[in-house]
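Student: Sequence:
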Amino acid sequence: MAQSLINVIDFEKSLQEGIQAPRIHVETDDVLIDGRLGDSTRIALESMGHKVRVATPDYVSAQFSTPNGIRKTDAGLVSGIYPVNKQGTAAGI
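The numbers in the numbering used here rise by one with no breaks, and the one at position 61 of the sequence shown is 61.
To be clear, the hints were calculated from the coordinates, so they are not data collected in a lab. Think of the CB as a built atom: it goes at the ideal place given N, C-alpha and C, for glycine as much as any other residue. Do not take every clue at face value.
[Unchecked claim] Label-pair ranges, simulated between beta-carbon atoms: (1) R53 <-> Q16: 23 to 31 Å; (2) S47 <-> I70: 33 to 41 Å; (3) D29 <-> D74: 44 to 52 Å; (4) I70 <-> G49: 38 to 46 Å.
All chains, please: the whole structure from these sequences, using the hints.
Tutor: As structure tokens, then:
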């Protein structure tokens, strides 16, 4: 979740881009990286001594969180966002 917020706030990505961006996860000695980051990222991390596992993209994987988002503009427009690579939908009332 934090990585999605950082993408939106610090890197000024749209909410959809922030949620969809590839992520990493470090909780053990392994670094889990989103497969969309590519070989260059994996190789760079391994060259620094990290043990890297690449997450396979699929619709039912729980390897990464599935953030959803709601954004309200100054004009009052509300939009809901969900990751398009996961099953789900966004709705507003």
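Student: Using the Cβ atoms, figure out if I70 sits within 38 to 46 Å of G49.
Tutor: This hint holds: roughly 40 Å between Cβ atoms.
Student: Do the Cβ positions of S47 and I70 conform to the proposed distance bound of 33 to 41 Å?
Tutor: For I70 against S47, whose Cβ atoms are near 40 Å apart, the range 33 to 41 Å holds.
Student: Assuming the hint says 23 to 31 Å, is it satisfied by the Cβ distance from R53 to Q16 or not?
Tutor: holds (27 Å)
Student: Using the beta carbons of D29 and D74, state whether their distance is inside 44 to 52 Å or not.
Tutor: holds (45 Å)
Against the hints set out earlier in the document, no violation occurs for any number.
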